[in-house]
Amino acid sequence: MGRQPKLGLALGSGGARGWAHLGVLSVLDEMGLRADILAGASMGALVGAAEAGGVRGELEDWAGALTQSKFLGLVDLRLSSGGLLEGREIASVLGEWGLDCEIGSLAVPFTAVATNLETGREVWLDDGPLLPAVRASLSIPGLFAPQHLNGRWLVDGGLSNPVPISVARAKGADVIVAVNPNAKPSGRVWVPQPTTESLWSRLAGALPDAVRPDGPPDDQDQPRAPQGADVVAASLDMLTEYLRRTRAAADPADVLIDIDLSEFSTLAFFEAETAIAAGRAAAEAARPQIEAAMARHG
Numbered sequence: 000m001g002r003q004p005k006l007g008l009a010l011g012s013g014g015a016r017g018w019a020h021l022g023v024l025s026v027l028d029e030m031g032l033r034a035d036i037l038a039g040a041s042m043g044a045l046v047g048a049a050e051a052g053g054v055r056g057e058l059e060d061w062a063g064a065l066t067q068s069k070f071l072g073l074v075d076l077r078l079s080s081g082g083l084l085e086g087r088e089i090a091s092v093l094g095e096w097g098l099d100c101e102i103g104s105l106a107v108p109f110t111a112v113a114t115n116l117e118t119g120r121e122v123w124l125d126d127g128p129l130l131p132a133v134r135a136s137l138s139i140p141g142l143f144a145p146q147h148l149n150g151r152w153l154v155d156g157g158l159s160n161p162v163p164i165s166v167a168r169a170k171g172a173d174v175i176v177a178v179n180p181n182a183k184p185s186g187r188v189w190v191p192q193p194t195t196e197s198l199w200s201r202l203a204g205a206l207p208d209a210v211r212p213d214g215p216p217d218d219q220d221q222p223r224a225p226q227g228a229d230v231v232a233a234s235l236d237m238l239t240e241y242l243r244r245t246r247a248a249a250d251p252a253d254v255l256i257d258i259d260l261s262e263f264s265t266l267a268f269f270e271a272e273t274a275i276a277a278g279r280a281a282a283e284a285a286r287p288q289i290e291a292a293m294a295r296h297g
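So the sequence shown is numbered by numbering that gives the first Met the number 0: it starts at 0 and just counts up by one.
Honestly, the hints are just simulated from the structure, not real lab data.
Everything numeric in this text was worked out from a predicted model, so none of it was measured.
Be aware that one or more of the hints could be misleading.
[Stated by the list, open to error] Pair by pair, the computed Cβ-Cβ distance ranges are:
#, residue 1, residue 2, range
1, G56, E262, 34 to 44 Å
2, T118, A291, 31 to 41 Å
3, Y241, N115, 32 to 42 Å
4, T118, S234, 13 to 23 Å
5, G297, D257, 18 to 28 Å
Every residue, glycine too, gets a C-beta built ideally from N, C-alpha and C.
Make a model of the complete structure from these sequences and hints.
Written out as structure tokens, the structure reads:
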């Protein structure tokens with residue numbers, strides 16, 4: 000009888016869509032599978048760190064209880080910091096459950112992927128303190144401020160390796176299940192988001208008058224312009240999807256779980272249940288592929 004193959008999970012970027020990873024992990028639990036290697040970019044790093052540290056349940060409970068008002072309470076406006084939001088609190092929530100620790104002390108080998116702002120190269124964070132590593136990987140350009148770590152300014156890992164299959168492979172995984180919460184229907188990147196518009200309006204209300212975005216046009220027959228966060232998110236989606244496809248063509252996963260959440264805002268951190276349910280449904284559909292991949296390498 001062959002040995003149990005090492006299962007590696009590559010958890011992709013996607014802002015709030017990344018809550019879908021929680022749904023995928025719950026299905027793997029039901030299949031009797033736990034990751035031996037975890038690699039995550041952006042929200043994939045946050046969920047991956049929680050999984051590696053044994054606090055996924057706490058994170059899911061926290062996400063489920065998060066409302067728009069509570070999310071805004073985590074926001075720390077710092078216009079001079081390189082992003083609209085300071086964003087420390089989102090990653091630091093892991094510290095409340097005992098994960099203000101070294102990456103090497105986690106129960107499962109874990110790597111957070113970030114991007115060096117100066118060189119554009121990806122950075123693998125697999126040792127040192129966990130919280131700033133996750134915070135760096137989460138630093139969506141224009142929204143969250145960059146993280147200074149080990150003499151480098153780091154931003155979102157999705158800019159260089161949006162679904163870090165290569166990391167899981169390099170760390171020794173036999174079977175790699177990759178999760179892409181940013182799957183898009185053909186020919187569509189941006190979908191207008193009423194939820195994002197409301198959130199963006201509340202954020203804009205906290206800005207000084209001199210930098211506050213203009214209101215709607217006087218001509219009410221004109222369509223409302225896309226909100227700032229939507230423009231940033233859609234632009235990043237275009238970039239990361241091209242990059243993901245390019246990298247996957249050269250280094251494919253054994254199983255790719257694509258989750259279409261294009262009508263779910265990347266800022267809707269307070270609507271986790273929708274994303275989690277989508278993750279569960281996509282993982283259930285992929286069960287036969289996962290079982291076959293594990294059997295093939297067993």
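Checked hints:
1. G56 x E262: 34 to 44 Å: violated (28 Å)
2. T118 x A291: 31 to 41 Å: Hint holds: Cβ distance 40 Å, inside 31 to 41 Å.
3. Y241 x N115: 32 to 42 Å: violated (20 Å)
4. T118 x S234: 13 to 23 Å: Holds, at about 21 Å.
5. G297 x D257: 18 to 28 Å: holds (25 Å)
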